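2 protein chains.
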Amino acid sequence: MTAQNAQTEIAAASPSKQELIVSAACKLFLTASYDVISMDAIAAEAGVSKATVYSHFQNKEALFAGVMHKMCEESSGPQVSDDLAGPPEAVLRTIGLAITHKLMEPEIISLFRTVIAGVTQFPELGRTYWQEGPGRARELLATYLTDLAQQEELAMPDPHLAAMQFIGLISGPFLLPLLLGVRDAPTQSEVDRAVDSAVAIFLANLRLK
Amino acid sequence: MTAQNAQTEIAAASPSKQELIVSAACKLFLTASYDVISMDAIAAEAGVSKATVYSHFQNKEALFAGVMHKMCEESSGPQVSDDLAGPPEAVLRTIGLAITHKLMEPEIISLFRTVIAGVTQFPELGRTYWQEGPGRARELLATYLTDLAQQEELAMPDPHLAAMQFIGLISGPFLLPLLLGVRDAPTQSEVDRAVDSAVAIFLANLRLK
DNA sequence: GTCTATAAATGGATAGAC
DNA sequence: GTCTATCCATTTATAGAC
Numbered sequence: 586m587t588a589q590n591a592q593t594e595i596a597a598a599s600p601s602k603q604e605l606i607v608s609a610a611c612k613l614f615l616t617a618s619y620d621v622i623s624m625d626a627i628a629a630e631a632g633v634s635k636a637t638v639y640s641h642f643q644n645k646e647a648l649f650a651g652v653m654h655k656m657c658e659e660s661s662g663p664q665v666s667d668d669l670a671g672p673p674e675a676v677l678r679t680i681g682l683a684i685t686h687k688l689m690e691p692e693i694i695s696l697f698r699t700v701i702a703g704v705t706q707f708p709e710l711g712r713t714y715w716q717e718g719p720g721r722a723r724e725l726l727a728t729y730l731t732d733l734a735q736q737e738e739l740a741m742p743d744p745h746l747a748a749m750q751f752i753g754l755i756s757g758p759f760l761l762p763l764l765l766g767v768r769d770a771p772t773q774s775e776v777d778r779a780v781d782s783a784v785a786i787f788l789a790n791l792r793l794k
Numbered sequence: 586m587t588a589q590n591a592q593t594e595i596a597a598a599s600p601s602k603q604e605l606i607v608s609a610a611c612k613l614f615l616t617a618s619y620d621v622i623s624m625d626a627i628a629a630e631a632g633v634s635k636a637t638v639y640s641h642f643q644n645k646e647a648l649f650a651g652v653m654h655k656m657c658e659e660s661s662g663p664q665v666s667d668d669l670a671g672p673p674e675a676v677l678r679t680i681g682l683a684i685t686h687k688l689m690e691p692e693i694i695s696l697f698r699t700v701i702a703g704v705t706q707f708p709e710l711g712r713t714y715w716q717e718g719p720g721r722a723r724e725l726l727a728t729y730l731t732d733l734a735q736q737e738e739l740a741m742p743d744p745h746l747a748a749m750q751f752i753g754l755i756s757g758p759f760l761l762p763l764l765l766g767v768r769d770a771p772t773q774s775e776v777d778r779a780v781d782s783a784v785a786i787f788l789a790n791l792r793l794k
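Chain order of the listed sequences is A and B. Take the first sequence: its letters are residues 586 to 794, numbered as in the working numbering. Take the second sequence: its letters are residues 586 to 794, numbered as in the working numbering.
In case anyone wonders, no lab produced these hints; they're calculated from the structure. All values derive from a computational prediction rather than experimental measurement. Any given hint could be a false lead.
Since copy identity is lost for identical chains, a pair holds within one copy or between any two.
Unchecked claim - When the alpha-carbon atoms are kept at most 20 Å apart in a straight line, the in silico SDA-like pairs for lysine to any residue are as follows:
#1 K645 - V621
#2 K602 - A636
#3 K612 - A628
#4 K635 - E646
#5 K687 - P762
#6 K602 - E709
#7 K687 - D777
#8 K645 - A675
#9 K602 - E646
#10 K645 - A617
#11 K687 - A675
#12 K645 - D620
#13 K687 - T772
#14 K612 - P762
#15 K612 - S634
#16 K645 - A734
#17 K687 - L764
#18 K655 - E690
Could you put the whole structure together from the sequences, leaning on the hints where they help?
Pasting the structure below:
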């Protein structure tokens, strides 16, 4: 066992300074955008001195990049990659609920705001988030829809377009109002109703053609 | 003619300092978020001194509020309130194209980013933008859909939900990627195809029930 | 690695002359 | 109203002791 492995194993029980810093930065960057959060505030939240922060990260931008990478990993898209068998209604409903529930989490809305706020300053941030989040959902859906179309002999000229339409259809009622802060998180029954409706609309059209 | 009217008429030809300041602030706040833009930068862009800026606006927040109010007015939703007659396909296509074209404008995407970035610090900003933009589109659509359902004797249990689903369906393929900066503005044919597809999906479902 | 103290720069906001 | 010059708080980042 190398020294590095030993350090990694200990980490879970007693978090290293580096982990304390990243956790504190995560928390703060979710409450406000890049420029609002100072290195002083991060150091204070982590319970370390500012010099310690700079000993682990070259500068603020490097810390921000590390934090964003970690948050994208943790919130990596809907976890439905396994369970794609069964009647299409059920599968789309499962995928739709997974996506909707992801979007409902306050942390995800906050992350979304932070990413969008930072994308002008840090263009790579947008690409990273897309690949880890919505882009992954799109690929998953497009693959499933392609298979579905083949099985049921449906027309599916552009699976990527269809996937984004489905995502828009289920997220439309909630995403914008939540991002703008003009409504609270929806109730379970509200989510169920919206997803059921969206699945019905989507499938009805597919089978009509 | 009052003195104020005279000033207003002159304004178009030779803009007042106040208008110079607001224009400069508009331009800058569209390129980056609230905290990134300094009063020094705004004064420099307007070609006036910083003290002059403060003689017209009490502080930075007041200037930001004024700028956002002006931008919301200028970009006030899709201008389709008159032309709601004709076959549903055509009407929905017109509305869909109007909404999509609005969203494609780089200024609107930038405004969107700025609003979302600022909504944590200034909650009223989100409400204002919603009312001037997406909220207005939702009301317009919901009203039209209610009428349509009545005329064609279709089921329309929740016009607001349906309106947001339609907006999500047409904006889904573009809005997220544009906000995240992972794609360029779509071509005209791409927009046409997406809107036609969305209208077909939406209407097919309505008439199926 | 970690701390205290501080440097160097920039931010919002104001005083005072004109 | 408008400008120049300045105040004061805060920010990023570093130096030097331990």
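May I ask which of the numbered hints given earlier this structure violates, with the numbers listed in increasing order? 6, 8, 14 and 16
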